[in-house]
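Undergrad: Using the sequences and the accompanying hints, generate a full structural model.
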Amino acid sequence: MQAWFEDLKAQFDLNFIQRNRWRFITTGLGNTLLITLFALLLGVAIGVIIAGVRSTYDKTADTARPGLGRKVLGFFNGLCKVYITVLRGTPVVVQLMIICLVIFAWSDNGVALASLAFGLNSGAYVAEIIRGGIMSIDNGQFEAGRSLGFNYLQTMWHVVLPQVIKNVLPSLMNEFIALLKETSVAGYAAVRDLTYGGNTIAGQTYSYFMPLIAVALIYLALVMSLTWVVGRVERRLRSNDH
Amino acid sequence: MTTDVLIRVEGLEKHFKGNIHALNGVSVDIRRGEVVVVIGPSGSGKSTFLRCLNLLEMPSAGTITFEGVDITDPKVNINLHRQKMGMVFQHFNLFPNMTVLKNMTCAPVTLRKKSKEAAEAQAKQLLERVGLSDRAGAYPNQLSGGQKQRIAIVRALCMEPDVMLFDEPTSALDPEMVGEVLDVMKQLAREGMTMVVVTHEMGFAREVGDRVIFMDGGRIIEQGTPEKMFEHPENARLKEFLGKIL
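Quick note, the sequences are listed as chains P and U, same order. Per this note's numbering, numbering of the first sequence is gapless, rising by one per residue and ending at 362. Per this note's numbering, numbering of the second sequence is gapless, rising by one per residue and ending at 1064.
Hints in this document: simulated from the structure, not taken from any laboratory.
Here are some, though not all, of the chain U residues that point toward chain P, as calculated from beta-carbon distances under 10 Å:
| # | residue |
| --- | --- |
| 1 | Lys835 |
| 2 | Asn895 |
| 3 | Leu898 |
| 4 | Gln901 |
| 5 | Met905 |
| 6 | His909 |
| 7 | Met916 |
| 8 | Ala974 |
Quick list of in silico lysine-lysine cross-link-like pairs, DSBU-like style, CA-CA up to 30 Å:
| # | chain 1 | residue 1 | chain 2 | residue 2 |
| --- | --- | --- | --- | --- |
| 9 | P | Lys179 | U | Lys893 |
| 10 | U | Lys1057 | U | Lys1046 |
| 11 | U | Lys934 | P | Lys286 |
| 12 | U | Lys835 | P | Lys201 |
| 13 | U | Lys932 | U | Lys1004 |
| 14 | U | Lys920 | P | Lys179 |
| 15 | U | Lys932 | U | Lys893 |
| 16 | U | Lys931 | U | Lys920 |
| 17 | U | Lys893 | P | Lys191 |
| 18 | U | Lys942 | P | Lys286 |
| 19 | U | Lys902 | P | Lys179 |
| 20 | P | Lys179 | P | Lys201 |
| 21 | U | Lys1062 | U | Lys1046 |
| 22 | U | Lys920 | U | Lys932 |
| 23 | U | Lys902 | U | Lys942 |
| 24 | U | Lys835 | P | Lys179 |
| 25 | U | Lys1004 | U | Lys942 |
| 26 | P | Lys179 | U | Lys931 |
| 27 | U | Lys932 | P | Lys286 |
| 28 | U | Lys920 | P | Lys286 |
| 29 | U | Lys1062 | U | Lys1004 |
| 30 | P | Lys286 | U | Lys931 |
| 31 | U | Lys893 | U | Lys931 |
Computed far set for chain U versus chain P, every beta-carbon distance over 10 Å:
| # | residue |
| --- | --- |
| 32 | Val823 |
| 33 | Glu831 |
| 34 | Val846 |
| 35 | Ala879 |
| 36 | Gly886 |
| 37 | Lys932 |
| 38 | Gly997 |
| 39 | His1050 |
Positions of the beta carbon are idealized from the N, C-alpha and C atoms, including for glycine.
TA: What follows is the structure, encoded as structure tokens:
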């Protein structure tokens, strides 16, 4: 027992204390959080735009007058569909490597490139979440808004979106949690995220147990606290559900 | 009742996808202050006709002239004209995320640039008229069907419309709540509001209607005063329809 404990202490010392190896973990954690945050912001921005185009196209199919405006919207709608199909139809690791190692091979700003890659990917998923939220609102709500004299955008802004946000917020936060874990593949493009940090330590010390368990525990702690927040938000939304 | 025309409908047609002709050339004048009740079997095009009047459905052909302006002209800003055409739906369509008061003041404050105070004062006055002053702070899901529909009516009235369109306003209500909604509509008619009402309430048509229009197969088959329509119907299909429901 005593020997086992001593061994554990030596392992800890070797993997985290010696040569300040704990810095691989903290730097990696910082990068993971940065990548997740920027990817989330980019993903939501892309998602809102795509969802707006797609649902406007679908919602106005019956009432729009045929013309140039309709054709332009149809073109962008098609573009958005292609985007969603490609980004959801290929592995995010492949997208990441294409962005980091092919398109932006000249750049070594790994965090920015990873944020871009995960943001572009997340955007496709967020778009479908938000579009689903918009389409789930009863068409009568649109019609009531329009019949009062609101134009399309005003109806969206004053009537529909407040209801959509309430409906999709839990799904969006779950997407955020999934995104946090997905960023662990950033190391494939030599981006120094949390997983990459743990792996680096293990590569130096030839000891995998401690670094990887530490990494796993940190992810678990992050995911559990975010899940707790989602639960709070969901309960809050239900309690003022009128 | 004055005689000037508020809405002139000429040659209105509406085709849906799949070669469905919901409206086949409807022409009718609706005069200021008139209460027009549209009846007919389901699928006769009466709801489509009503929804075309404020372009919730885009007509396939024909024109609608409202207060002297052809609103089917693509250059016309329909949103401005819709402010003058209140609409009440079968399923109420109150905004569930807003209180009753906010439901009523949202449009006047945003579109009419009314002050919040003025809009709320007006809304409270209207709520009093329909006997719902105590529900101003309630959310729609806390109201009964009849209360929801009365709120929907006064919400439309907050925009001070020149005409009110009713799309089967009592069809989704429990029978004991139909009366309270019809009472509000009758009161509105007495005050001289121009109304176009699609309904199955023949009692309402007979009592309040200035003119009854019978539609079938996307056409106006017969129209006239309630007495003429209900006591001396001429058309065979109208006779058959009345025979079934009266």
